[in-house]
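Student: Respectively, the protein sequence lines represent chains A and F. Letter by letter, the first sequence follows residues 1 to 156 in the working numbering. Letter by letter, the second sequence follows residues 1 to 547 in the working numbering.
I should point out that these hints are in silico values taken from the structure, not numbers from a laboratory. Any given hint might turn out to be false.
Chain F stretches covered by chain A per the calculated footprint, using a threshold of three residues with CB under 8 Å from any CB of chain A [said to hold, decoys possible]: (1) 123-130; (2) 162-171; (3) 364-374; (4) 445-454.
Covered by chain F, per the in silico footprint, the following chain A stretches (three or more residues, Cβ under 8 Å) [stated by the list, open to error]: (5) 3-15; (6) 19-27; (7) 31-39; (8) 88-101; (9) 104-112; (10) 115-122; (11) 138-146.
Every residue gets a Cβ at the ideal spot worked out from N, C-alpha and C, and that includes glycine.
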Amino acid sequence: MKMHRFEEIWLIFGVAVLVISMAITGYQAFAQGMGPPSHKETIDPTQVENTAPFDNPGVYQTGENEYEVVMTLQAFSFEPSEITVPKGAEVTFIMTSKDVIHGVNAPHTNLNTMVVPGQVQRITQTFNESEEFLLICNEYCGTGHQMMSATITVEE
Amino acid sequence: MANTMQSHMKKNTLPLVHFFLAFIMLLIGGTLGLLQGLNRGGVFELPASFNYYEVLTLHGILLILAFTTLFTNGYMYAAVRHTLGELSKTVKILAWSSLASFLIGSVLVVWMVLAGEATVMYTFYPPMQASPWFYIGLVFVVLCIWLAGLGIFISAFQWKRRNRGQHLPILAFFAVGIYTLVIFGSIGVTVEVLMLIPWAFGWTETINVMLSRTLFWSFGHTLVNVWYLVAISVWYTILPKIIGGRIFSDTLARLVVILIVILNVPGGFHHQIVDPAFSEGLKFMHVFMSLSIAFPSLMTAFAMFAVLERTGRKRGGRGLLGWLWVLPWGDVRFLTIMIAMISFIIGGAGGIAQTNNQLNQVVHNSLWVVGHFHITVGVTVVMTFFGLVYWLIPHLSGRVMTPFIHHLGMFQTAVWTIGMALMALSMHAAGLFGAPRRTSYTTYGDSATALGWEPYLSFLATGGTLLFFGVILIVYIVAHLMFFAPKGDTPFMDSRVEDNAHPTPKWTENWGLWVIVAILIISMGYVVPLVDLIENAPPGSPPHRTW
Numbered sequence: 001m002k003m004h005r006f007e008e009i010w011l012i013f014g015v016a017v018l019v020i021s022m023a024i025t026g027y028q029a030f031a032q033g034m035g036p037p038s039h040k041e042t043i044d045p046t047q048v049e050n051t052a053p054f055d056n057p058g059v060y061q062t063g064e065n066e067y068e069v070v071m072t073l074q075a076f077s078f079e080p081s082e083i084t085v086p087k088g089a090e091v092t093f094i095m096t097s098k099d100v101i102h103g104v105n106a107p108h109t110n111l112n113t114m115v116v117p118g119q120v121q122r123i124t125q126t127f128n129e130s131e132e133f134l135l136i137c138n139e140y141c142g143t144g145h146q147m148m149s150a151t152i153t154v155e156e
Numbered sequence: 001m002a003n004t005m006q007s008h009m010k011k012n013t014l015p016l017v018h019f020f021l022a023f024i025m026l027l028i029g030g031t032l033g034l035l036q037g038l039n040r041g042g043v044f045e046l047p048a049s050f051n052y053y054e055v056l057t058l059h060g061i062l063l064i065l066a067f068t069t070l071f072t073n074g075y076m077y078a079a080v081r082h083t084l085g086e087l088s089k090t091v092k093i094l095a096w097s098s099l100a101s102f103l104i105g106s107v108l109v110v111w112m113v114l115a116g117e118a119t120v121m122y123t124f125y126p127p128m129q130a131s132p133w134f135y136i137g138l139v140f141v142v143l144c145i146w147l148a149g150l151g152i153f154i155s156a157f158q159w160k161r162r163n164r165g166q167h168l169p170i171l172a173f174f175a176v177g178i179y180t181l182v183i184f185g186s187i188g189v190t191v192e193v194l195m196l197i198p199w200a201f202g203w204t205e206t207i208n209v210m211l212s213r214t215l216f217w218s219f220g221h222t223l224v225n226v227w228y229l230v231a232i233s234v235w236y237t238i239l240p241k242i243i244g245g246r247i248f249s250d251t252l253a254r255l256v257v258i259l260i261v262i263l264n265v266p267g268g269f270h271h272q273i274v275d276p277a278f279s280e281g282l283k284f285m286h287v288f289m290s291l292s293i294a295f296p297s298l299m300t301a302f303a304m305f306a307v308l309e310r311t312g313r314k315r316g317g318r319g320l321l322g323w324l325w326v327l328p329w330g331d332v333r334f335l336t337i338m339i340a341m342i343s344f345i346i347g348g349a350g351g352i353a354q355t356n357n358q359l360n361q362v363v364h365n366s367l368w369v370v371g372h373f374h375i376t377v378g379v380t381v382v383m384t385f386f387g388l389v390y391w392l393i394p395h396l397s398g399r400v401m402t403p404f405i406h407h408l409g410m411f412q413t414a415v416w417t418i419g420m421a422l423m424a425l426s427m428h429a430a431g432l433f434g435a436p437r438r439t440s441y442t443t444y445g446d447s448a449t450a451l452g453w454e455p456y457l458s459f460l461a462t463g464g465t466l467l468f469f470g471v472i473l474i475v476y477i478v479a480h481l482m483f484f485a486p487k488g489d490t491p492f493m494d495s496r497v498e499d500n501a502h503p504t505p506k507w508t509e510n511w512g513l514w515v516i517v518a519i520l521i522i523s524m525g526y527v528v529p530l531v532d533l534i535e536n537a538p539p540g541s542p543p544h545r546t547w
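One chain only, chain A, in its complex shape (with noise of 0.2 Å):
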């Protein structure tokens, strides 16, 4: 098939542009360790509150201004719903939902992933800025959906 010469210069930068695009991804991923919560665990969905660290949901300090939360989500609140840590805090959020699939996002901030019942998801947040953020429910999950939230409030 004969093509344009223009045509040969336009694909030739439109795919750079998508190749760039994707060395860029790549590089934040898997260098700069920035790739999207995708945490491989199951559990079993009708037995959350018997399985640890499920059982016990709260904010755990790890180390020097790391911390855990372990959270459940339910048709249609978090637990703990009332998180405070410290400025500069770095907390991995620990999840698995009771019922149906939830998701997870605290806006101004990247965190933001899907809570699948059977499924514990991981993701890591530090939190730089001493604020209220809010956490909200962002994935249909029933009538009440629209009140599911939480608070994390960050102390100077």
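Assemble chain F onto chain A, guided by the hints.
Tutor: Just chain F now, kept in the frame of chain A:
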């Protein structure tokens, strides 16, 4: 005259009935869209008996599934009949059975949603469990698409047998590509629904949630790309005729169809970039699979500008951009398609951005995504469909468009463009600030973050209101062209290839090969994750009804 009129209507009943039903779907779906936009903008609350989520479920199903399917079947059957000749008896039976299957399916689905038995969105993720009749309705909708596809394949096959050694006419080639893609795309969702039905009847106790979700998305994104492929069939084969030009390259158009068909299905995985249960490596491979879909669109962009420039210069356009101004901007059949194509530059760029993993994480499940598909489907696809209405419906009904309807069409185009621009751009912005999709009006207890979304949401409501007027206008235009416009002959607007074009190579017709390549690429994308999800499945989920 009355007799030719009746014979016209009778001869073209099949596509006309499809278009008639399609625009009824648009009218209802659009009205529901208005209710949602106004709720989301904080203007009013919907009653508990017909709440936001029921309205949203219906809006999605009626517009992204029903309107598009009916319109496509109507347009494709009209196109195949025009290019390949009268449909055979078998094909007619298949086409009418397809429509019957659609009606049975959609009555079941809509009935269940209205009865409050299926407030599950058009994605119906388990373990939310709708009534089994909702899923059975979906089976009939899929069957409708398969029967329609079978009719198109048989027509193409019969034509090839009558015209040995010749290339299938380009519009029919598009039709074959479109139905091949939609059938490939719907295999995953069919398997999913067949697992959901026994579970919804209570014959099986639990369901594999991640497996269902992954099978769904092998369909979900392919479907919108099918509508996009329908739209570009208009750009390649009809647009040149409207502006007085020729098809730029027959081979290029066919190659684009083939690439879209073979590359598309694994693209749906990018809806699961922030899901658990998949490794980062797998997700990275799927960045490649998603971005590869952009390649044929880059070829399309070149071909479209080539046609526009050549035709513009033929019409006397001079200089670097002179060819652009002499295009028929005052012709609604051109203006609609041109706006559709321009909006795809914006929508396509947004799509490329959000399919890159880390950028996806910023906007996943936010209103940004809703803005994205209102630009791509709501403008690129729908505006192209509207562009067809002005000549295809009078062609079928044996009428001609009046100057008044043309003026009204220009006005409708303006209303739709401004409405979508307002709504989609404010959705993009609110999404970047974290406003979630599929969520009725809420301030999360007057949180400062949520209150910051309010100005954008009022723009969204304003855009939605304009779009509702756009729906009323286009429905009036369609009704007029179908039943009331003056009688006469409107030609079918298919284009010819440039005189000096290279002959189209034979390999383009090798559909057996393309089907095999498509299966290979689909396997590359899905075998590893699907086997993993089945082998390493957690205990299944029991049903939940949270509405």
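Student: Next step is simple, just say for each hint if it's right about the structure.
Tutor: Status of the hints after comparison with the structure:
no. : hint    : in the structure
1   : 123-130 : holds (count 3)
2   : 162-171 : violated (count 0)
3   : 364-374 : holds (count 3)
4   : 445-454 : holds (count 5)
5   : 3-15    : holds (count 7)
6   : 19-27   : holds (count 5)
7   : 31-39   : holds (count 6)
8   : 88-101  : holds (count 3)
9   : 104-112 : holds (count 6)
10  : 115-122 : holds (count 7)
11  : 138-146 : holds (count 9)
Of the numbered hints given earlier, the model fails hint 2 alone.
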